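Taken in sequence, the protein lines are chains A and B. Residues 54 to 422 (the numbering used here) make up the first sequence, in order. Residues 2 to 278 (the numbering used here) make up the second sequence, in order.
Keep in mind that the hints were calculated from the coordinates and are not lab data. Computed from a predicted model, the values in this text were never measured in an experiment. Beta carbons: idealized from backbone N, C-alpha and C, even for Gly. Some hints here could point you the wrong way.
Label pairs and their calculated CB-CB ranges [as the list claims (entries may be wrong)]:
#1 B:THR64 x A:ASN56: 38 to 44 Å
#2 B:GLY121 x A:ILE306: 56 to 62 Å
#3 B:LEU122 x A:ILE397: 30 to 36 Å
#4 A:ASN56 x B:ASP5: 58 to 64 Å
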Amino acid sequence: MVNIARHNLFADKGRLFISVGGVAFAVLLISILVGLYQGWSRAVTLYVHSAGADVWVRQYGTADMFHSTSFMPASTADRIRQLPGVKQATPFLGRTANLTVGTKQVMAYLVGYDSNDGLGGPVRMSSGSAAVRPGEVIVDRSLASSNDVKLGQTVQVLGKPLKVVGISDGGNMMIYSFAFIAREDAEDLLRLKGVANFYLLKVESPPQRNDVIQSVNLQVAGADALSVEDFAEVNRGFIDGTFLPIIMVLIFIGFGVGVAVIGLTIYAATMEKSREFGVLKAMGATNGMLYRVVLQQALVAAVLGYVLGALLTIAVAATAGRASPMFVISLTPAAMAGISAVAILMSLAASFVPVNRLVRIDPAIVFRS
Amino acid sequence: MKSDAPLELRKVTKVFGGGNNAVTAVKDVDLLVKRGELLLIMGPSGSGKTTLLTMAGCLLRPTSGTVLIDGMDTTRMSDRELSKLRQRSIGFVFQSFNLLSALTAQQNVEVSLNLAGRNGLACQEESARSLDNLGLAARRHFRPEKLSGGEKQRVSIARALVKDPDIVLADEPTANLDSRRGREIVEVLKAIAGGRGKAVIVVSHDHRIRELADRVMWLEDGRLEEMKVHRDPVCGMEIDPARASRSLTHNGVTYYFCAEGCQRLFAEDPNRFLKAG
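The whole structure should be built from the sequences, with the hints applied where relevant.
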């Protein structure tokens with residue numbers, strides 16, 4: 054069977070290029086946005102997952118690590134340690150603070166950390182030491198590379214000079230990154246002596262985790278225990294609440310661009326070939342047959358555009374990631390499958406107007422010279 | 002069993018618009034076209050020729066009257082049924098060829114079979130054979146833009162014929178061709194009618210077709226009648242209305258003239274010439 058759609062599409066390579074390019078651009082835009090959203094979501098929750106705790110305990114009534122400030126006295130930890138199934142309860146001290154690198158102020162999320170505890174430390178080390186002592190600091194690779202911070206260099210943290218002894222990785226939170234200082238320094242610099250923002254719990258055995266959570270919530274006043282997964286989800290809300298609405302608007306714009314480009318090119322092609330469609334109608338083609346021609350044209354443009362867009366996304370993500378560590382893109386196969394579905398949806402939406410135009414083509418047009 | 006007269010029009014009228022703006026393009030036309038017959042319909046511009054052909058091709062419904070294809074009343078058929086009917090029973094040949102520009106000559110022919118529900122290698126071979134029969138074996142894989150006007154029209158004829166329709170409708174098939182190629186095309190259409198038993202209806206201004214047509218009809222002001230010999234009422238010269246440079250209507254009858262002088266003399270005193278006639 055002669056594939057009229059394919060022949061029509063490839064006969065005009067300029068138009069095909071515009072059509073495929075438009076879809077590719079839309080796919081690139083959508084993929085980058087989805088990738089950034091996923092990358093940021095992952096980055097935000099990566100620390101929570103990697104901190105080594107089975108249970109996170111926050112002050113009752115507070116939210117995540119970024120939006121609200123949780124304070125609990127040291128006595129809370131004493132109560133928690135007495136509960137059955139609790140193996141370890143480590144105080145977590147952390148909040149955002151400015152680091153001074155040379156003359157530049159850089160915001161970071163400072164974490165007071167005791168490497169002997171094994172809880173709450175960096176996700177992984179890029180270089181240097183993970184053991185941070187008083188007077189020392191570990192900064193994230195994103196902060197180090199964008200501010201040209203090297204091992205051994207001194208940075209000011211809340212007015213105190215600290216020596217950079219390690220560069221960590223996986224602590225990039227987009228607007229700021231994690232920096233780790235000794236717990237003693239944190240108590241002093243963050244004015245958190247005798248209190249903790251969170252407690253990180255290890256349980257005796259994994260099956261006891263839910264019992265420990267329940268015990269903390271029932272028996273420790275003012276404490277709210279969450280599994281690591283639930284606490285990560287709470288923190289993901291930071292991204293959803295802050296960036297998701299913006300990202301959704303941009304994705305919608307990207308979708309609109311894709312629909313407009315395919316729609317306009319397919320509509321122009323349909324208008325240009327309206328006489329030929331009239332000929333086909335005169336020869337006995339039903340409207341359904343002609344719809345399939347237009348839909349197939351749009352679908353082929355969408356698939357080609359998707360493939361090109363996906364390749365461009367890979368290239369852009371790699372290049373931008375190298376240029377700026379803040380550019381964290383993570384695209385899962387499920388997300389890519391979803392974007393391909395969006396591309397197909399674009400082609401269907403874009404065919405709506407040309408298909409409607411086809412219905413109105415009078416086959417008698419063929420007799421007009 | 003197939004009818005001897007694949008196409009029949011009974012009292013067909015087509016009116017466009019309504020009220021004071023109503024225009025009657027075709028009025029009470031009766032027409033019967035038999036197998037093996039090449040019928041030529043001539044008439045001045047705007048006489049309703051194309052409207053008549055469009056209704057005969059089931060592309061336009063008449064305001065009143067009946068169009069019968071192989072004895073079936075098409076005026077009661079749905080659009081889908083009419084599409085099916087056109088797929089198998091009617092082949093079109095157009096003045097401006099109307100080939101699909103993105104397809105090769107062979108693909109243009111093959112599409113006609115595809116629409117009739119036929120696909121595959123046999124279909125490709127049949128399309129190729131159809132073009133070969135019209136002397137286009139070497140041009141099968143060329144797109145329309147690479148073909149001459151005559152070649153395009155032959156592809157158009159191959160496309161119309163490949164599905165073996167009972168009726169072939171040709172609208173000014175020689176209009177865009179030079180004299181030699183125009184004659185070739187008409188001879189092909191004549192052979193199709195006589196040799197393959199098709200009912201071929203040609204609408205044309207081209208007087209060269211007259212000598213090859215089995216029957217010539219004249220359509221004017223929406224009325225169809227057998228072509229009569231017209232004579233200049235002043236000098237008596239035989240006039241082809243399609244080519245007449247002068248005409249004048251008197252008492253509802255149109256008279257044709259060989260030149261302006263005859264027309265002027267007639268206009269001064271028509272009764273003088275009509276009495277003499």
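Tested hints:
1. B:THR64 x A:ASN56: 38 to 44 Å: With Cβ atoms ~40 Å apart, the hint holds.
2. B:GLY121 x A:ILE306: 56 to 62 Å: violated (46 Å)
3. B:LEU122 x A:ILE397: 30 to 36 Å: Holds, at about 32 Å.
4. A:ASN56 x B:ASP5: 58 to 64 Å: Since ASN56 of chain A and ASP5 of chain B have Cβ atoms about 40 Å apart, the given range 58 to 64 Å is violated.
Hints 2, 4 from the list above are not met by this structure, while the remaining hints are.
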